[in-house]
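Trainee: So you can see what is in the structure, the chains are spelled out below.
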Amino acid sequence: MFGRGAQLARRITRLMRRGAHERRMDDEMRFHLEMEAADLQRAGLPPAEARRRARLMFGAVERFREESWDARGLRQVEHALRDVRHGWRSLIRSPLLSGVVVVSLGVGIGVNTAIFSWIQAVTLNPIPGVADSRDYYLLQPRAAMASGAGQAQAGGTRLEMSWPEYQDVRDWVPSFEELIAFRTVPFTEGRSGHTVRAAGQLVSANYFSALGLQPRLGRFPSGDVVHAGEPVVVISHDYWQTRFAGADVVGSTIRLNDRDVTIVAVAPQRFQGTVLGLDFNLWVPAEMAPLLLAGSGELKERGMRAYSVAGRLRADATPAQAQGQVAAAMARLAGMYPETNRNVRADVVPYWRAPAGPQQFLIPALAILQGLMLILLLAVCANTANLMLARAATRQREIAVRRALGASRSRIISLLLTESMLLSLVGAALGIVIAFWGTTALRAGPMITAFPIRYQTDMDGLGLAVALGLGAVCGVAFGLAPALQLLRSGQSGSLRVGKSWATRTKARGALMGIEVGLALIVLVAAAIFLRSFGETRDTATGFESDGILLAAYDFSGRGVDDAELRRLTDELLLRVRGLAAVEAAAIARMVPLDIHGMSVRPFTLPGRVRSDAAVDVSTINVVTPGYFTTMQIPLLTGSDFVDLKDEVAPPQVIVNDEFVRRYLEGVEPVGRTIQFGDRMYTITAVAATTLYNSFSERPTPIVYFSYRDRPSAGGELHVRTRPGGELALAPEIRPIAYEVDPLLPIYDVRTLDQHVEKNLIFRRVPARMFAVLGPMLLILAAMGIYAVVEFSVSRRAAEIGLRLALGASAARVVRQVMRDSLRVITIGAASGWVIAFLIYIHVAPGEPLDPAVFAGVPALLLLVAALAAWVPARRASRVDPMRTLRLE
Amino acid sequence: VTERADFLQGTLDLLILRSLALRPLHGWGISKRIRQLSADVLQVNQGSLYPALYRLEDRGLVNSAWGTSDEGRRIRLYTLTAAGRKQMRVEQADWRRFVEAMEQVLEGT
Chain Y
1032 MFGRGAQLAR RITRLMRRGA HERRMDDEMR FHLEMEAADL QRAGLPPAEA RRRARLMFGA
1092 VERFREESWD ARGLRQVEHA LRDVRHGWRS LIRSPLLSGV VVVSLGVGIG VNTAIFSWIQ
1152 AVTLNPIPGV ADSRDYYLLQ PRAAMASGAG QAQAGGTRLE MSWPEYQDVR DWVPSFEELI
1212 AFRTVPFTEG RSGHTVRAAG QLVSANYFSA LGLQPRLGRF PSGDVVHAGE PVVVISHDYW
1272 QTRFAGADVV GSTIRLNDRD VTIVAVAPQR FQGTVLGLDF NLWVPAEMAP LLLAGSGELK
1332 ERGMRAYSVA GRLRADATPA QAQGQVAAAM ARLAGMYPET NRNVRADVVP YWRAPAGPQQ
1392 FLIPALAILQ GLMLILLLAV CANTANLMLA RAATRQREIA VRRALGASRS RIISLLLTES
1452 MLLSLVGAAL GIVIAFWGTT ALRAGPMITA FPIRYQTDMD GLGLAVALGL GAVCGVAFGL
1512 APALQLLRSG QSGSLRVGKS WATRTKARGA LMGIEVGLAL IVLVAAAIFL RSFGETRDTA
1572 TGFESDGILL AAYDFSGRGV DDAELRRLTD ELLLRVRGLA AVEAAAIARM VPLDIHGMSV
1632 RPFTLPGRVR SDAAVDVSTI NVVTPGYFTT MQIPLLTGSD FVDLKDEVAP PQVIVNDEFV
1692 RRYLEGVEPV GRTIQFGDRM YTITAVAATT LYNSFSERPT PIVYFSYRDR PSAGGELHVR
1752 TRPGGELALA PEIRPIAYEV DPLLPIYDVR TLDQHVEKNL IFRRVPARMF AVLGPMLLIL
1812 AAMGIYAVVE FSVSRRAAEI GLRLALGASA ARVVRQVMRD SLRVITIGAA SGWVIAFLIY
1872 IHVAPGEPLD PAVFAGVPAL LLLVAALAAW VPARRASRVD PMRTLRLE
Chain V
1329 VTERADFLQG TLDLLILRSL ALRPLHGWGI SKRIRQLSAD VLQVNQGSLY PALYRLEDRG
1389 LVNSAWGTSD EGRRIRLYTL TAAGRKQMRV EQADWRRFVE AMEQVLEGT
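Those protein sequence lines, which keep their order, are chains Y and V.
Following the numbering used here, the numbering of the first sequence begins with 1032 at its first residue and continues without gaps.
Following the numbering used here, the numbering of the second sequence begins with 1329 at its first residue and continues without gaps.
For reference, chain Y alone in the conformation it holds in the complex:
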C-alpha cells in the first residue's frame, strides 16, 4: 500500500519534471557512447570506427528513449492528466450546467460536513483541549428503585458521588488509568462593589495531570499544595483574557467568595472544563470547599453527593470490565455504609453521553438534521445524474467517434468518470468553504443560561475527509449512470441518431421520480421547521414580555441561611420597586422558554387515585409575590402569595388552570392541599396557563411555589417598566444590588425578549438552513425535470413531427408529453410523501399533522414540476413538422 503510494508520488514528480528527465536520459546515453568509444579506441580502433561500433552495440537510441519513458510508468499518469485536462475543458464549455452542479453539490456537501463537525465536536472531542477525550467514561451513580412501596423515588434517580466515596472508589477500579472528581460551583469573584459571577469547578488534586494538560502560564497546583489547603486557583484562558486582559497574573491574588486566593496557573487555551458543553472560568482544589463555601462539610459527609467522577480507561480494559469493577465497588460501599449507600449503584457511561448537559436534546436533533441533509444530498445527486444524462446525450456522437477510432471502453469510462469526479471535487471544495462558515454558527450563538454554554466546533482533518469522501461518492454515483448509458448506446447505435427511445428513458424517468420523492421529504421537513419557527412570532405566550428586564443574582457559597435569604431578597425587591421607572418587580427561580426547560417534580393529591402505578408529576417554578402582576399573567381565582416576611400562613402554591383541568376537575381548587415530598401546600390561586418550555408545547400543568416557603440562593429579577425602557433601566440594577449586599454578583442582565430570542437558537439555525435549502431544492428539482422532459421530446422530435403532420393538435401533443412525465413525478412524490409521513410519526409521535405542510408542500412541488415539464412540451409541439421529418 505504502510502496504503491511512493511509486505514484515518484511518477508524478517525474512527470512534472519531464524535461529534466529527458536531459538526464540523453546525458547518460551520450556518456555511455563516449565511454564505450574510448574503450574501443584503447583496444586499437581508430576514433571514427570506435564511435560507429559503440553506436552499433548500443542500438536505436530513440527506441530506448521511448521504452524508458514507458518503463517509468509514466504512460498511465499521462493518460490520467490528459483526462483531467479534457474533462476540465468540456466542463468549461457548459458553464451553466457545471455551475448548477457545483453549487448544489457544494451546498449539499457543505451542510452535511458542518452538521457532522457539530456532532463530532460533541461525540469525538467532548473535552476540548484534552487528547483522546472520547475514551473518557463517567462513573454515574443512581439510586436503585427500592422494592418497598413508598420509597420509590420518581424521576430523579440520577445521583452524584460524595467526596469520601470518590476517595474509596479511586483505588478499587483498576480498569481506569486514574479517576478525577469535579463539581460545578458558581463563585462570586471580586471585591465589594465590583463582583462578578464566575463559573467554577471544585476538582481533585490529580485533575490537571490526569487530563494531561499543560498550563498556558504558571504551574498547576501540586498535590502537596492542595493537601496543605493553600488557597489557590487556576483560571481559564478566556477568563484570563477577558477579565485580566492577558496580564501576567500568576502569583497575584483575587477575591473568591470573599476570600483571598492566589492564581497559580492559566489553563491551556481550548480547555473549558469537564461538563459537556459548559464553559468554566476557574478551577479550585476540592480541599478548599470548607474555606470557600462557608464551612461546607462536603469533604467528610457521605450523604453530600455533589461530585462527578470520570477517567480514561486503560488501553487493555473494556467498558464491561470497568462496569464489573464499579458494580463491585458500589456493592462494597453499600456493605460498609448501609445508611448512605444501601440503594446506590453506578454505571460506566461514555463521557459524551453524560446524562446532564445540553447535548441531551442537541444530539438527537443533530442526528435528525444529518439524516435529512443526507437525503438532500441524495436528491442533489439524482438531479445531477439527470442533468449529466441529458448532457451526455448530446455527446453520443463524440463517444461513438472515439469508439470507432479505437478508444477502449475503459478509456471512455475513465474519461467520463474523471469529468464527474472533477465536478464533484470542485463541489466538495465549495462545500468545505460552506462548512467552515457553518461550523462557526453554533459558536457564534452565545446562550444565556445559568452557566455559559460553549461548543468548540471545528473543521479538522476528519471533517475535510468527510467532505472529500462525500464528494468522491457523489462523483461516482452520478458519473456512472451517463457512462454506462453512453457505452451501451455507443455499442449498438454507433453513429446513428434516434432509435429505441423508450428503453433508455426508463432509467431517466426513474431517476426523475426518485429525485422528486427525495426532494419532497426534505421540503416537508423544511416546511415543518420553518412553520414551527414562524409560529414563535405569532404564538401568544400568555405573559407580556414587552417591558420586562431580567437580571440574575446569586448568594450561593456564602452560607446565608433561609431566614437571611428571605430578608435579603425582600430588601432587594423593595429597593428595585423604589426606582422611578419600575412599575412592578418580582423574583423567580426560572425564566420561561429557557433552553434548559423548567424542573419537574412528583406530587400527590390527597384523595386522587391513579389507575396505574405511575406517579403524577408537574412542571414547577418558585416565585415571589408580585410575579403574576409583573408578568401580567391573570389570576383567575384566589389571591397572590402572602408577603415574604409572613410567618403565619401555611406553605402555599398557585397552580394554573391546565393543572385544575387535569387533576382537580369539578372541585373548588382554592384551599385544596397538594403534597410535595413530605410537605403539604395549600392552593391559594389559579393562574392562567402560559408557555413554559417551548412555543410548540401543548397546555402544560404547572405548580408555582412561594419563594417564602422555598427560598434559594440564586434567582432571576423580573422588572417591569414601560415597553422600550428596559435597557435604560439596566444600569440602575447593579448599584441597587450592591446597596443590599456589596458582594452580590448581578449577571445576565437582558430583556425577556432577548432571552427568548437567544434561547431559540436551536430552532433558528435549522430554520435558516432550510430557508435557503428549501427554495434551492425546489429550483433544482424544476431544472432536473425540465432537462429530462426537454431531452425526451428532442429525442421524439421525429415522432412528434409526424403526428403533427398527420393532424394531431399541438394541445394533444402537450397533453401526452405531460401525461408521461407527470405519471413518474406523481409516483415519486407519493412515495416521498409516505416516507416523510412515516418519519414524522416516528420523530414526533402523537403530534398532529399540519395539513398546510402535508398537503401544501406536495401541491407546490407538483405545480412546479408540471410547469417544468410544460415548457419543453409546449415548445416541442410548436416545431414545424416538415423540418423535423426532413431531418430523419
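You may find that some hints are simply not true.
To list a few chain V residues with every Cβ distance to chain Y over 10 Å, as calculated [said to hold, decoys possible]: (1) I1403; (2) Q1420; (3) V1433.
Pairs of lysine to any residue, SDA-like flavour, derived with a Cα cap of 20 Å [as the list claims (entries may be wrong)]: (4) K1789(Y) x E1747(Y); (5) K1360(V) x R1061(Y); (6) K1360(V) x A1091(Y); (7) K1360(V) x A1068(Y); (8) K1331(Y) x G1254(Y); (9) K1360(V) x A1069(Y); (10) K1360(V) x R1799(Y); (11) K1360(V) x R1082(Y); (12) K1414(V) x R1387(V); (13) K1360(V) x A1594(Y); (14) K1789(Y) x L1891(Y); (15) K1676(Y) x V1771(Y); (16) K1414(V) x A1367(V); (17) K1360(V) x V1092(Y); (18) K1360(V) x R1086(Y); (19) K1360(V) x L1605(Y); (20) K1676(Y) x L1605(Y); (21) K1789(Y) x L1774(Y); (22) K1676(Y) x D1601(Y); (23) K1360(V) x G1090(Y); (24) K1360(V) x V1227(Y); (25) K1331(Y) x T1215(Y); (26) K1676(Y) x A1594(Y); (27) K1789(Y) x L1495(Y); (28) K1414(V) x R1351(V); (29) K1360(V) x R1387(V); (30) K1331(Y) x A1236(Y); (31) K1676(Y) x L1758(Y); (32) K1789(Y) x V1646(Y); (33) K1360(V) x W1901(Y); (34) K1789(Y) x L1309(Y); (35) K1331(Y) x G1590(Y); (36) K1360(V) x E1065(Y); (37) K1676(Y) x R1608(Y); (38) K1360(V) x D1058(Y); (39) K1789(Y) x S1576(Y); (40) K1789(Y) x I1810(Y).
Hint data in this document are derived by calculation from the structure and do not stem from the laboratory.
Beta carbons: idealized from backbone N, C-alpha and C, even for Gly.
Please arrange chain V on chain Y, whose structure you already have, making use of the hints.
Mentor: Positioned in the frame of chain Y, the structure of chain V alone reads:
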C-alpha cells in the same frame, strides 16, 4: 547475439542487480561489468540497459543520484536499495532452481 538478447531480457534485471551488489556504478560501468563477469559471453544489447534500469528505479529496487567520475565528469550513479538486495536474492534462488531443472532435463535425455 540477437536471439540471446530476448532470452537475456528476463534475466537482465538480475544481472543489473548483481553487478550493483558490490558498489554503486554508472550505466556504462554496469554494462562493462556484466561483460567482464561473464567473460564476454553475455553481450547485453547495451541500449536496453537503460529502460531496464529505469524500470528497476521505478520499482524502488535501485536508487540513482548524480555523482562525479574519476575524470571529473558528471555521471549518474546507481545504488542497490535494501529492497533491491532482497529481490536479487529471490531472483538468484529462482534462477538457480531453473538451471538445476534444466540440467536435470538435459541430462535425462
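Trainee: Against the 20 Å threshold, does the CA-CA distance of K1331(Y) and G1590(Y) hold or violate the hint?
Mentor: Status holds; Cα separation ~17 Å.
Trainee: Hinted pair, alpha-carbon criterion (20 Å max): K1676(Y), V1771(Y). Please report holds or violated.
Mentor: holds, 17 Å
Trainee: Holds or violated: K1414(V) with R1351(V), Cα cutoff 20 Å?
Mentor: OK: K1414(V) and R1351(V) at ~16 Å, within 20 Å.
Trainee: Need the status of pair K1789(Y), L1495(Y): alpha-carbon distance at most 20 Å?
Mentor: violated, 30 Å
Trainee: Regarding the pair K1360(V) and E1065(Y), is the alpha-carbon distance no greater than 20 Å?
Mentor: holds, 13 Å
Trainee: Please work out if K1360(V) and V1092(Y) have their alpha carbons no farther apart than 20 Å.
Mentor: Answer holds: K1360(V) to V1092(Y) is near 18 Å, not above 20 Å.
Trainee: Given the hint that K1789(Y) pairs with E1747(Y), does the C-alpha gap stay at or below 20 Å?
Mentor: holds, 16 Å
Trainee: Would the pair K1789(Y) and L1774(Y) pass a check requiring their Cα atoms to be no farther apart than 20 Å?
Mentor: violated, 28 Å
Trainee: Sort out whether A1594(Y) lies within 20 Å of K1360(V), counting only the CA atoms.
Mentor: violated, 107 Å
Trainee: Quick one, are K1360(V) and W1901(Y) close enough, alpha carbons at most 20 Å?
Mentor: Measuring from Cα to Cα gives roughly 80 Å; hence the hint is violated.
Trainee: Holds or violated: K1360(V) with A1068(Y), Cα cutoff 20 Å?
Mentor: holds, 12 Å
Trainee: Mind checking the alpha carbons of K1360(V) and R1061(Y) for me, to see if they're no more than 20 Å apart?
Mentor: Holds, at about 15 Å.
Of the numbered hints listed earlier, those contradicted by the structure are 1, 10, 13, 14, 16, 19, 21, 24, 27, 29, 31, 32, 33, 40.
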